[in-house]
Structure formats: C-alpha cells, structure tokens
Amino acid sequence: MRIKKLFYQLSFYPLLLLPFLLSMLRTVSLDDKNMAVVEINHLYKNLKGRVILSDINLSLEKGNAYGFYGHNGSGKSMLFRAIAGLIHPTEGTVTVFNKKIGDEVSFPESLGLIIESVGFWPYYTGYENLKTLASIKNIISDDDIKHAIERVGLDPNDKRAYRKYSLGMKQRLGIAQAVMEKPNLILLDEPTNALDENGVEQVRNIIREEVNRGAAVLVASHNKEDLNLLCSRFFKMNDGKLTETTGEILK
Amino acid sequence: MLKQYFSLKAKSKYFLFSILVLACYTLLACFNQEIIYQQISIYNHPFFLANFDNFFSAAPVSFLLCPIFFIFRKDSYDFFGKPSVMIRFSNHTKWWQSCMLVIVIESTMFVSYLYLLLLLRTLYFHKMSDTFKYIKIIAKCYTLQVLGFISLALIFCFFSFFFRSALAGFAVAYSFVIIEFFLSNWYTFGIFIIYLIEVAVNTLDFYVPLLITTIILILLFSLLFKTILSNRDYLKQR
Numbered sequence: 001m002r003i004k005k006l007f008y009q010l011s012f013y014p015l016l017l018l019p020f021l022l023s024m025l026r027t028v029s030l031d032d033k034n035m036a037v038v039e040i041n042h043l044y045k046n047l048k049g050r051v052i053l054s055d056i057n058l059s060l061e062k063g064n065a066y067g068f069y070g071h072n073g074s075g076k077s078m079l080f081r082a083i084a085g086l087i088h089p090t091e092g093t094v095t096v097f098n099k100k101i102g103d104e105v106s107f108p109e110s111l112g113l114i115i116e117s118v119g120f121w122p123y124y125t126g127y128e129n130l131k132t133l134a135s136i137k138n139i140i141s142d143d144d145i146k147h148a149i150e151r152v153g154l155d156p157n158d159k160r161a162y163r164k165y166s167l168g169m170k171q172r173l174g175i176a177q178a179v180m181e182k183p184n185l186i187l188l189d190e191p192t193n194a195l196d197e198n199g200v201e202q203v204r205n206i207i208r209e210e211v212n213r214g215a216a217v218l219v220a221s222h223n224k225e226d227l228n229l230l231c232s233r234f235f236k237m238n239d240g241k242l243t244e245t246t247g248e249i250l251k
Numbered sequence: 001m002l003k004q005y006f007s008l009k010a011k012s013k014y015f016l017f018s019i020l021v022l023a024c025y026t027l028l029a030c031f032n033q034e035i036i037y038q039q040i041s042i043y044n045h046p047f048f049l050a051n052f053d054n055f056f057s058a059a060p061v062s063f064l065l066c067p068i069f070f071i072f073r074k075d076s077y078d079f080f081g082k083p084s085v086m087i088r089f090s091n092h093t094k095w096w097q098s099c100m101l102v103i104v105i106e107s108t109m110f111v112s113y114l115y116l117l118l119l120l121r122t123l124y125f126h127k128m129s130d131t132f133k134y135i136k137i138i139a140k141c142y143t144l145q146v147l148g149f150i151s152l153a154l155i156f157c158f159f160s161f162f163f164r165s166a167l168a169g170f171a172v173a174y175s176f177v178i179i180e181f182f183l184s185n186w187y188t189f190g191i192f193i194i195y196l197i198e199v200a201v202n203t204l205d206f207y208v209p210l211l212i213t214t215i216i217l218i219l220l221f222s223l224l225f226k227t228i229l230s231n232r233d234y235l236k237q238r
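First to last, the protein sequences are chains S and Z. Once you know that position 21 of the first sequence is 21 in this note's numbering, the rest is easy, because the numbers rise by one and skip nothing. Once you know that position 22 of the second sequence is 22 in this note's numbering, the rest is easy, because the numbers rise by one and skip nothing.
Accuracy of the hints is not assured; some may be wrong.
Here are the computed lysine-lysine pairs in the DSS-like style, where the Cα-Cα straight-line distance is at most 27 Å [said to hold, decoys possible]:
#: 1; chain 1: S; residue 1: 170; chain 2: Z; residue 2: 3
#: 2; chain 1: S; residue 1: 224; chain 2: S; residue 2: 99
#: 3; chain 1: S; residue 1: 131; chain 2: S; residue 2: 182
#: 4; chain 1: Z; residue 1: 11; chain 2: Z; residue 2: 133
#: 5; chain 1: Z; residue 1: 13; chain 2: S; residue 2: 182
#: 6; chain 1: S; residue 1: 164; chain 2: Z; residue 2: 3
#: 7; chain 1: Z; residue 1: 13; chain 2: S; residue 2: 170
#: 8; chain 1: S; residue 1: 159; chain 2: S; residue 2: 137
Per the computed footprint, the stretches of chain S lying under chain Z, defined by three or more beta-carbons under 8 Å from a beta-carbon of chain Z, are [said to hold, decoys possible]:
#: 9; region: 97 to 108
#: 10; region: 134 to 143
Just so you know, these hints were derived from the structure itself, not from any lab. Because the structure is a prediction, the values reported are computed rather than measured. Virtual Cβ for every residue (Gly too), placed ideally from N, Cα, C.
Isolated chain S (complex conformation):
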C-alpha cells in the first residue's frame, strides 16, 4: 500500500518538468524551416493623427528573402521599425521568434538591422566601429568581425577613420554590422543605396548566403531588380497598407 502511494506521488514529479519541456519544444520548433519567424496580426500605427500602418497581417518564415517596395513615405521603414521594436503599435501585435515585441521582449533577440543611416562613430576605423557594436552582445570574436568586413569588400586593417569613407564604403560597413553576428532575422532598408555595380553584386551575394544559412531577410528597396533576383515573396506598401504581389507584377 505504502509503495503504491509512493509510486503515485513520484508520478507527479515529472509534471514539474512540464514548463521546461514546453520551452524546449518551443526552442526546437525555431529550427523548423517552416516556422513563422515574424507574425504580424492586425497591426495599426497612427502618428499625429495620421495612419502610418493600417491593418498589416504578415507571416514570414526563416530561410527566405522577402521584398518590400512602395513609394517614399508608404510605410516600409515604419513596418521595419515595428518589427525591430523601435515603435509601438497603436493596435495589433508583432511576434518575432514566438515572442511578442513590447511585451515579452523589447527588441527581437537575434536581429540585424539597417534602417536609417547607421551613424557610426566618425573618429573610429571601420573595424573599431564594428568592434564597439559587437562588444554589447559579446558573442563574436575579432576574427568574425574582420571576416564580416571582408565579406562586404572592405579592408579590416584600413586605418582610415569612418568619416573619411565614401558613401558606398559607409553603406558596406552598415551591411557588415547587420550580418556580423549571424542573426536569424535581418531587416535591410535600401541595402544597395550608394553602391557601385561590384558593391551591389557583393550585397546580393551576402543576402543569398544569409538566406541559405537559414535567416529570414526582409529587404525594402526601390530597386525592383534587386528584389526580383533575391526574394521569394513580394509585398507592396501603399499608404500604410500591405498587399502581397507576384513576381510578374513586380516586373
């Protein structure tokens, strides 16, 4: 009788592990290729009485590139800001890696971003700038930083200060900081701006490599050729509204 009672008591102990097991399941599910990395439901954003984002619904998976296009002020950057946790929705939710932005986390945990001019520190070299940014998370080595700089076609040993860089070099360094920590979600707003042909090709290759690595890459661009070559799905932003379009319409 006593043994039976003990058996019943012990059978409840695994229940204590249930939250841990559930969180394990969640982590495992992140590796699922078809899992939604970004999930947006009925997102609205009003600023000073103006509708900036209107009823945005979106589900994006990892291992894909997504193209966003639309005229200036259509809301592309604002949508990226909402995904990055830099603005708070007036209504609706943004969930990234199963965590609600602004509720469970302030900013997505594994995010690379170019959203406005990155604004590096002018008196530092490119390498020193990236090292400063990398020191916050402290998850990559000096060699990783140098490799990221080389990937965008810059020299990690260049002793010139950032302020002496050309526009194209500044843009390349911006791309390097967005991808150096191998984030699972990458938001690139006009990534090929100010780049020469060689630079554009390098950035396109980097985006392809990041997609092959399994990252979800969101690209906002006026350059439809970039979007056509890189992306598997296309979204048009118009006055804060988002509609999915086909590749043919884009051409």
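Using the hints provided, position chain Z relative to the given structure of chain S.
The following block gives chain Z in isolation, referenced to the frame of chain S:
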C-alpha cells in the same frame, strides 16, 4: 562594452574640448590671483576654502561647469541613441541600466577631474598642506557634487532620448540650471542641482538627509524615466 565605449570617448572631440576648456578655467586663477584673494578678504576664508568657493561658486557652475558637462556627456547620447546599439541590448531595462552605469561613471570622472584641477591650482599656490586639514569636507562635497552631476546627467539623458535630440535635451536640462541660478540669487538659496554642485560649507550641516534624499530621488526618477522611455517610439534621430 564599457571598455569599448570609453576608448571611443577618449578619441571624441567633445571629450577633448571639455577637458581643455576646464583646464583653461583652472589656469585663469593662476594668472589672476586676485579672484581668489578677493574671496579671502570678503568671507575671511582660509585659502583652501576661498579657492574651493571660487572654483565651485554659482556663476561658474551655472555658466561654465554645467554646459561643459553637457558637452562632456554628448557621446553618451550619440552611443545609446543609435538603433543599432539599442537592438543589441534586447530589452529596454538592460539598455537603461547601461545608460545609468555610464552616467554614474562619467559624473564621477568629471568631478574627479575637477578636483584634480582644483588640487593642481592649490599646488601652484603652495597651499597643499591646507588641503589635508579639510579632507572630511572634501569627501562630503565630492559625494554631493557627484550626485548633483548624476541628477543633471539623468535629466539631460532622459530629455535627449525623449525628443531624440541632444540639443533638446541640453535645452531642457540647462533651463533647470538657469532657473535655479536666478532663484538662488533672488532667494539666496539653491533648490536642487546647483545646491548640490555649488556646495557651501553650511550645506554640509544637512549632509546626511541631503545625501539620502538625493539618492532616493535619483532612483525614483531613473525608474520613472525608464518606464516613459520604454513606451516611447524611436523615430528618426535628429
């Protein structure tokens, strides 16, 4: 992160400018000793206190030390205000805690540098032996001044992030200083920030209550500012 931040700061023109201006301010008294000896004759102070009063009197605090402190702190806004920096902290609390840590370190650095200049000035006048007599007063004043600059930095930091502009942060924080300067002139007492930075010896009678009140206020405002900023949109940096 801190090591990288401060090595970045060491190369900044704002940092170098503020260090240089404060050094020039110290040198002024070496060329014009009258300004210290006037203080001795008016208040009948010993040399050390006259030198201290001259260095930290209301006018230089309001019109020189505080504006220079804002310039000294400008790099902090440039660093923590960048989206590429913010997102790497993953949450607002970590980001704000790092901001606060930098505020405390920089305020302590700033006051320590001022004391170094003050001591160099004392050394120049061969009055170092006086200094050791007042070591307890120095320690108390130092603590209050660090807290005064932390309060000022907290206001500057909050309004800079709130308006996404270091200039707006400077305008609001500095207007507090100017208002306090005129009020302290009319009513012959300071209210908060100048009262802490322009430490008069009679202020030290209230040292412990002042210390506790200031620490509590800093903690409360830090919590309040963090809550407000985490609900604020980060639009374009100006």
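Taking the hints in turn, this is what the structure says about them:
no.	hint	verdict
1	S/170 - Z/3	holds (24 Å)
2	S/224 - S/99	violated (32 Å)
3	S/131 - S/182	holds (15 Å)
4	Z/11 - Z/133	violated (38 Å)
5	Z/13 - S/182	violated (33 Å)
6	S/164 - Z/3	holds (24 Å)
7	Z/13 - S/170	holds (21 Å)
8	S/159 - S/137	holds (25 Å)
9	97 to 108	holds (count 4)
10	134 to 143	holds (count 4)
Checked against the numbered hints above, the structure breaks hints 2, 4 and 5 and satisfies the rest.
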